[in-house]
Structure formats: structure tokens, C-alpha cells
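Participant: Protein chains in written order, with my numbering: chain A, 1 to 240; chain B, 1001 to 1240.
Possibly wrong hints are sitting among the right ones.
[Stated by the list, open to error] Restraint ranges, calculated between C-beta atoms of paired labels, are given here:
1. Q1197(B) <-> S171(A): 21 to 29 Å
2. L1050(B) <-> S171(A): 42 to 50 Å
3. A236(A) <-> E1192(B): 52 to 60 Å
4. R8(A) <-> E1192(B): 32 to 40 Å
5. L1129(B) <-> G170(A): 54 to 62 Å
6. S171(A) <-> H1220(B): 55 to 63 Å
7. E1178(B) <-> T19(A): 24 to 32 Å
8. Q1197(B) <-> P137(A): 30 to 38 Å
9. D190(A) <-> Q1197(B): 12 to 20 Å
10. R1233(B) <-> G170(A): 31 to 39 Å
11. D1011(B) <-> A33(A): 25 to 33 Å
12. P1051(B) <-> A116(A): 49 to 57 Å
13. A116(A) <-> A1095(B): 50 to 58 Å
Worth flagging that the hints you see were computed from the coordinates, not collected in a lab.
As the structure is a prediction and not an experimental result, all values here were calculated from the model.
Beta carbons are placed, not taken as given, at the ideal position from N, Cα and C, and that holds for glycine.
Protein chains: 2
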Amino acid sequence: MRFTSEQRLDDGVLERDFTLGEVPGVLWTPGPATAPLILVGHNGGLHKRLPRLVARARHYAAEYGFAVAAIDAPGHGDRPRSAVDERLRGDLRRAMAAGEPVDDIVDALVLPLVEAAVPEWRTTLDALLSLPEIAGPVGYEGMAATGIRLAVVEPRVSAAVLFGQGLVPGSLREEAREVTIPLQLLLQWDDEGMERQPVLDLFDAFGTREKMLHANLGGHAGTPWFEVDDGARFFARHLT
Amino acid sequence: MRFTSEQRLDDGVLERDFTLGEVPGVLWTPGPATAPLILVGHNGGLHKRLPRLVARARHYAAEYGFAVAAIDAPGHGDRPRSAVDERLRGDLRRAMAAGEPVDDIVDALVLPLVEAAVPEWRTTLDALLSLPEIAGPVGYEGMAATGIRLAVVEPRVSAAVLFGQGLVPGSLREEAREVTIPLQLLLQWDDEGMERQPVLDLFDAFGTREKMLHANLGGHAGTPWFEVDDGARFFARHLT
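Chain A with its partners taken away, still in its complex shape:
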């Protein structure tokens, strides 16, 4: 892990860019004391410096004392785009607009991404937990598909806040039954492109005994800001 830039922000948070092999990331840490860690994921072609992701990360660090890390998933952010992914995203948009089945496209697009992203998160976790200012335990916040696999295979991740409105292949919906860590699942009631019922079914499928569903009005990107505080308190219950 190599830090490539370092900046002390006006809220006192130390923000550092890093690279780990070919994976670029950002680490936000609250101060000199050791802190639990939240991994913040993103998908759908988004960037690790997406403004609403950065705002959440800084709030977690400044207000709640968590260390927070984001990395660009394969084909995302600062990493080279994949022509196959671009074609599949086009196919997906066309199929959704035409009301055609999308299961095969979702499998082809999302499963390889999860297969590639989860090992990178685990390697990043090795590096982050070797830093003296990060103590663990570890939480994950992000899209459900990556979160499901990470929760199943990575025992150091002990709580998760998942955005329910992502594309989740059927095999990962089945894998959700193996998830046993506490989790909070967010549902946007009026998502423009996604149905509610699959999110409710996913909530039902999770194997954990402590799970909460938080549904709010509004579209895909309209999760209310107070859910960041709810997420922080959820992580505080389980990570501190």
C-alpha cells in the first residue's frame, strides 16, 4: 500500500489517496487514536470520489470516529473501462426500457464484478488493518451484491449496511441465506428503475438474526441524509 497524497480537511479528518497494486483508493481517518473501519463500496460505474460517497465517509470519520476506506472496483472510477461491461450496460438499459427479462444480463455483468472485487477488498483489508491507526472490527457499506459475497467469505467483516436497490444476481440472492452478520438494508420506495418486491425478498432471505429494513420515500439516489447517522449508530452498536 502506497500513499500518494495526504490532506488534513477542515473537519479534522486526514484524507489520503493510496494505491495497492493496480487498485486506487482513498482512506479517511479521524485522528491519532485507533479506530474501527468501514469499507464503503460503490458500483454502477461510479467513482470512489463520488460526492455523496465522500460526504458519507467524512461524516463517519469526523462525527463518529470511524476510519473509512473506498476503492475503485474493476472497471470503475480511475480504472480502465471494460468494453464487455459497457456493452452489457447498454444491453441492460435496452432490456429494462423494453420490459424484457434482464436476469442473464445481470448475471453476466455483476457476477464477474463481484468475483473480481471481493478479493481486492480482502487484500485492501489486509493492508488497512496493518496500519497502526486502524484497529478493526470492520463494517461494509455499499451495494448488496458485493456485500453479500464479502459477508459470506470474509470473517473480519462483522456488520453491513446494504443498498437494496442494486442489481443482485439470483445466485447471490441464494447466497444471502448464508449471511449471518447483523445488517441494515436500505430500500428507496420510489426507485425509478427497480422494483420493491425483490428488495423485500432479499431482506427475507438473509440468514442473520439481526437485520433491519429501512424504507424511505424517494428515487434511486434519494436516500435521506439521516440514514447516514442511522448507519453510523448501527455500526457503532456492532463495531465498538
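Use these hints to put chain B onto chain A, whose structure you have.
Facilitator: Okay, now just chain B, sitting in the frame of chain A:
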């Protein structure tokens, strides 16, 4: 309004029994400063001193500085039982056990209760808001049926936390469309006697633009304690 007993509890909260006409109630106040008010409702034959209701009320007062009031609804708690209600509750239990339709029984049992309880809440509110230590604004926490009517007819109630798993007559489900105050609806995912879908439909029906659904695992009475803190923060956002 006549106070009949007064006790300073070990958490600093002042607990006072009162009567207002034939309605007995309890008021918990946090201290000398004026405070917003939360009305805590209950139903199903329960008592205003139900331990989990008292625990919530004291927590709201001691930790968040709210004044909290509970009254016994007609036929509940310390008030005379109604033979008609008792018979209807028996009919309801038998119909539910036999898997028969319950809509007519729910209408006959719950509508008269709501019709009688809501004016009592409003009179209680008049009396409570005349006390120097209570400033308003006012929130309601309790069963959905009473909360829907109260939210529609009582403009002083400006936010509500509702337990979704109660019996809600069809006409009140329709009335929910007229509710425009912010609300938080609680759903117990594994309720022994109630279905999930009517609670999800009710959430959808509410006419307000700021509504949240919080679903948790567990049975009818198993709402996790942290929902009390979530409720308090919801009320703090809207009442202070």
C-alpha cells in the same frame, strides 16, 4: 386535569398520575424547562402502565427531554371493560384461528374505539398544553388506527411513530391517504398473528412525503429497544 400522585424517579423524571373526567393518565416530565410532548398510545386491552410503555416513556423523558403522556383508552387499563368488546375479541381470536375473514369484526371492534379515543386524546392535549412545563409541538406514538385518525383531525400533532401490526379497519386504511405529517412506521417481520403485506400497503398509502418504514425481525412484541432511540431522534428532528 387533576394530579392524583407525584413521584420523582431515580432518572430525574417527574411521574404524575392524573385524571381528566373519567380518563386516567400518566405524565412524565423531564425537568423544569418547557418540553415538546409525545403522546404514547396503546390498544389491544393494554394498560397505560404496561412495563414496555413505561420504559419507553421514561427513556424519552430522561434521555431526550420530552414530556410524555399516556392515557387509558375506553375499555382499557383502569377503565371499565366493555362486554361487547370482550365478545368481539373472542370472535376475532376464533376467526383468526379458523382462518376466516376478520374485516367485519375489526370494523366493529376498532372503529368505535378510535371514534371514542381520539376526542379523549384531544381533550387531554388541551389540558396538557395548558401546563407551563409543556410547550408543544406534539408527537404521537402508538397503534396505527388511532394514530391515523389523530393525524388527520388534530393539527397540533405534527409527527408520528406508528406500530404497523395493529388491527386497522379498511376505512382507516383509506383515511391514511389524508395523513400528511412525517411518520415512521414499525413492522415486526415475524409477527405471529399479522401479515406483512397489509403493513407494506399501509406504508404505501400514507399521503405524507416524509415517511420511513423500519422493519425488524421478531414477533409482535419484539420491537428492538434501539427503535426507541430511533423514534426519539425522529421526534427530535420534527418537534425541536
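Participant: None of the hints should be skipped; say for each whether it holds.
Facilitator: Evaluated hints:
no., hint, in the structure
1, Q1197(B) <-> S171(A): 21 to 29 Å, "27 Å, holds"
2, L1050(B) <-> S171(A): 42 to 50 Å, "46 Å, holds"
3, A236(A) <-> E1192(B): 52 to 60 Å, "31 Å, violated"
4, R8(A) <-> E1192(B): 32 to 40 Å, "54 Å, violated"
5, L1129(B) <-> G170(A): 54 to 62 Å, "55 Å, holds"
6, S171(A) <-> H1220(B): 55 to 63 Å, "34 Å, violated"
7, E1178(B) <-> T19(A): 24 to 32 Å, "56 Å, violated"
8, Q1197(B) <-> P137(A): 30 to 38 Å, "36 Å, holds"
9, D190(A) <-> Q1197(B): 12 to 20 Å, "19 Å, holds"
10, R1233(B) <-> G170(A): 31 to 39 Å, "37 Å, holds"
11, D1011(B) <-> A33(A): 25 to 33 Å, "31 Å, holds"
12, P1051(B) <-> A116(A): 49 to 57 Å, "52 Å, holds"
13, A116(A) <-> A1095(B): 50 to 58 Å, "55 Å, holds"
Comparing the model with each numbered hint stated earlier shows that hints 3, 4, 6 and 7 do not hold.
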